[in-house]
Amino acid sequence: SAVISQKPSRDICQRGTSLTIQCQVDSQVTMMFWYRQQPGQSLTLIATANQGSEATYESGFVIDKFPISRPNLTFSTLTVSNMSPEDSSIYLCSGGGTEAFFGQGTRLTVV
Amino acid sequence: AQSVSQHNHHVILSEAASLELGCNYSYGGTVNLFWYVQYPGQHLQLLLKYFSGDPLVKGIKGFEAEFIKSKFSFNLRKPSVQWSDTAEYFCAVYSGGYQKVTFGTGTKLQVIP
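Chains as they are written, first to last, in the numbering used here: chain R, 1 to 111; chain E, 1001 to 1113.
Keep in mind the hints are simulated off the structure, nothing from the lab.
Just so you know, not all the hints are guaranteed correct.
Below, in silico cross-link-like pairs of lysine to aspartate or glutamate (DMTMM-like), each with a Cα-Cα straight-line distance of 25 Å or less [to be verified]:
| # | chain 1 | residue 1 | chain 2 | residue 2 |
| --- | --- | --- | --- | --- |
| 1 | R | LYS7 | E | GLU1064 |
| 2 | E | LYS1069 | E | GLU1015 |
| 3 | R | LYS7 | R | ASP87 |
| 4 | E | LYS1100 | R | GLU54 |
| 5 | R | LYS7 | R | GLU54 |
| 6 | E | LYS1058 | R | GLU54 |
| 7 | E | LYS1100 | R | ASP26 |
| 8 | E | LYS1049 | E | GLU1066 |
| 9 | E | LYS1108 | R | ASP87 |
| 10 | E | LYS1058 | R | GLU58 |
| 11 | E | LYS1049 | E | GLU1064 |
These numbers come from a predicted model, not from an experiment.
Construct all of the structure, not just a fragment, from the sequences and the given hints.
Given below as structure tokens:
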């Protein structure tokens, strides 16, 4: 399967600021997904990022808080905006459709 | 809606014990099923997957899973666990109807030497 490079791997941010997470895939993929994994919990899908169209957000997630870009078939970014301590989590991107392969994750701590 | 249930949240086993982790899904159509493992401090890795064919699927590190369509189940098994199997295990399902992967809540496995 393809390899995803995700960065940053971790960050500590001040509340009220924004962080942009990048994912680069080593091959073209039609669909990319962004997940959040809060401490001790499973993965929750934030949105599906499709090239050439706006991202599709899951219930409870909005574009103003988590804007996503997908400029081409190998790259996507997720921004966590106006952060609060509740946004402290691991954020994961994945690629593919019938099978998911994952980046290393970004461990975000908001202080 | 598509959902996945993992019944065991935390399992503690001694080395060499047999393992079975339960997974049930709710979607009635054609699905692809997965088990992922997350070792402490690491990212998710694919253990095994089922798309079609033989319902008994063998994965890496001696793991296997059996798809039972009538029970909507995809249980993970290993005959003899090792300390290095200590990790969190996630069952996941993909359906063409929803075009996304849904994860179960995960099972933390602790293997005692």
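Here's how the hints hold up against the structure:
| no. | hint | verdict |
| --- | --- | --- |
| 1 | R:LYS7 <-> E:GLU1064 | violated, 33 Å |
| 2 | E:LYS1069 <-> E:GLU1015 | violated, 31 Å |
| 3 | R:LYS7 <-> R:ASP87 | holds, 17 Å |
| 4 | E:LYS1100 <-> R:GLU54 | holds, 16 Å |
| 5 | R:LYS7 <-> R:GLU54 | holds, 22 Å |
| 6 | E:LYS1058 <-> R:GLU54 | violated, 38 Å |
| 7 | E:LYS1100 <-> R:ASP26 | holds, 21 Å |
| 8 | E:LYS1049 <-> E:GLU1066 | holds, 10 Å |
| 9 | E:LYS1108 <-> R:ASP87 | holds, 23 Å |
| 10 | E:LYS1058 <-> R:GLU58 | violated, 33 Å |
| 11 | E:LYS1049 <-> E:GLU1064 | holds, 9 Å |
When each numbered hint is compared with the structure, violations occur for hints 1, 2, 6, 10.
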